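A.B. asks: Single-letter residue listing:
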Amino acid sequence: MIVAAFATEAGMREAAAEMRRGDPGFIETYMAMEPCAAEGEGEDGATGGSILPAVMLVGGIVGGVGGFLMQAYATTVSYPQNVGGRPDLSWPSYVPATFELAVLGAVVAGMAGFLLLAGMPRLYDPVDEAACLRGAMLGSYVLVVRPADSARARRVLARHAPIGIDEVAE
Amino acid sequence: MSAPAVIVPAVIAAGETAQSVTERISAVTLREGARPWSPLWWWGAFAFSLGLLGMGVISVGWLFYAGLGIWGIDWPVVWGLDILNYVWWIAIASGGTFISALFFLLGVEWRTALNRLAESLTLCAALCAAIFPILHLGRPWFFYWLFPYPNTMGLWAQFRSPLVWDFFAILTYVLASTLFWYFGLLPDLATLRDRAQSQGLRVFYGVLALGFRGSGRQWRHYRAVYAVMAALMAPLVVSVHSIVGMDFAGSAAIGWHSTQFPPFFVFGAALSGFAVVLVAILPLRVLLGLQAYVTDRHIDVLGRLFLTSSLCVAYAYLMDGFSTFYGPDPAERTMFVLRVFGLYAPVYWGTIVLNILLPQLLWWRTARLTPPLVWGIGLGVLMGMWLERFQIIVTSLARTQMPSSWGQYTPTIWEWSLFFGTIGLFLTTFLLIVRLMPVVAMAEMRAMLRGGTA
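Residue numbers (this note's numbering), protein chains in the order written: chain X, 1 to 170; chain F, 1 to 454.
Isolated chain X (complex conformation):
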């Protein structure tokens, strides 16, 4: 696995594009801010859509429907109670708790889904052995590649003026 750090985002993008032209292997970018979305470089995983909004929608539906059904079951089957002559299934009263549980379901699903898809928590990863990577959250732009031909990858990366290149075992 070769890890190269660049001083600019453009430098990293150009290096990634050239790497991709000759070797469509694994390429991932690391940087300290959200990547630009308009580059059309879906291969590095930075751009394109995420399934997580849909996961959050499902989490919200589960929370909301589950909350509603729980209240309906409690007030009609398990513990019917006459409150001011209201019907047992007095559904308008269920709306606030249903909404709150829908939001809670969506937020928890989003957090859990993020951790799962982002591979977290992961306190150690072999890529951490590369000294270059430590600059990724501090302002440098890091490219991690798993090339078929390491020598060629090093040559390509070197052409784009990296501020550091490391090779680490996987």
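Keep in mind the hints are simulated off the structure, nothing from the lab. Given the structure is predicted, the values throughout are model-derived calculations rather than measurements. Hints should not be assumed to be uniformly reliable.
According to the in silico footprint, chain X covers these stretches of chain F (three or more CB under 8 Å from chain X) [unchecked claim]:
1) 17-27
2) 149-162
3) 177-183
4) 188-195
5) 202-211
6) 215-225
Cβ-Cβ distance ranges computed for the label pairs, FRET-style [what the hints assert, rightly or not]:
7) F/R365 with X/V58: 46 to 52 Å
8) F/W75 with X/V58: 34 to 40 Å
9) X/D125 with F/G51: 42 to 48 Å
10) X/D125 with F/W41: 36 to 42 Å
11) X/D125 with F/Y182: 20 to 26 Å
12) F/Y315 with X/V95: 24 to 30 Å
13) X/D125 with F/A10: 38 to 44 Å
Here are some chain X residues pointing at chain F (derived, C-beta under 8 Å) [stated by the list, open to error]:
14) M33
15) L52
16) P53
17) V62
18) S78
19) G85
20) L89
21) S90
22) P96
23) L123
24) D125
Yeah, the Cβ is synthetic: ideal placement off N, Cα and C, and Gly gets one too.
We have chain X already, so just place chain F on it with the hints.
C.D. replies: The following block gives chain F in isolation, referenced to the frame of chain X:
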């Protein structure tokens, strides 16, 4: 004659870059090599807040031992400082959510430097708010009975009651605010992990960062989840304060049984929320050296929002009086007259002066850009909002429909000590967050400054 041009201050000082933001904000938090561990002002404030917190701990301890009889609540005023403080704190909590979620969705740039501090204020205030309903239960160790769970008694919560809706609202608000705050922190915790020199700090921030490394995959999912969370938090905060309003409106008590209460409480929450953000941020930007990031532009915008909220609250006060006298209930009118001219009249007029009249100074830009004045108005509004809750809760209950049931309420020392104890809890947790967590969202600032200088 043309109007003089107004110079709009920048949201970030000239010359700042992504690199300089990272360095300066990290240095504020890490303080590696600096002695003492925290600045002296921080230690002074922390000692003061721990003193208040200790008072609260003693008060709660005595409450658990002696029971609710140590409080001044009794028939007819059965809700006192406990519920008052709950409503006050939960309203204060709203400011962070309004700024962080609502203005994220609106895409305004000035939000970026403020959202972390504002969200932290939300978290600390929500924590203080959550304590009061539990203590108010009388037997707080059975608080979990509010949870709908299968139990051998075959009992369920009363889902038609706004008080149970409130339980769900607060539970969701506290959990969702905590997750939203922590989720937003992940990239900055990773920055601190990689920037820290000492092994202890690297491990501390490394564990909290959960392995966030800034990979393309992580960022792609991060921004999607953050945007949806923000979209959910905005209606959530409105729902929470509407439900708090319904806690009162759902009762047949005079002064409470009003359809305007949900929006009235949302307006009040916005006013308290913006007030606490200003009261906290004005000294902190000086003490932490954040003037380059929290500029006059931020203070000006917050001042405008503050004024707008005050006008909304003024409208709610007007409608409260109008609906009372337009409506058919003589008991409502009697209570309102006593509220304005009776025993608790200073509370009512204090509310009007502090919440409505004082913020009108913010129409003037010069006033908005005078930090001591804005800070004073903010503090005044926080006191005014406390008085507002006092008049809503106490004067309504003290003057019921039957004059034979009229009474009055005087808080005891145990209610005051608990109140000041929660101020201690708020300050303690907030100071710890300010000391240990990055006070400005570095990753978002870097994205704002992408590829250049301010």
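A.B. asks: Which of the numbered hints above does this structure break?
C.D. replies: Violated: hints 8, 17, 19 and 20.
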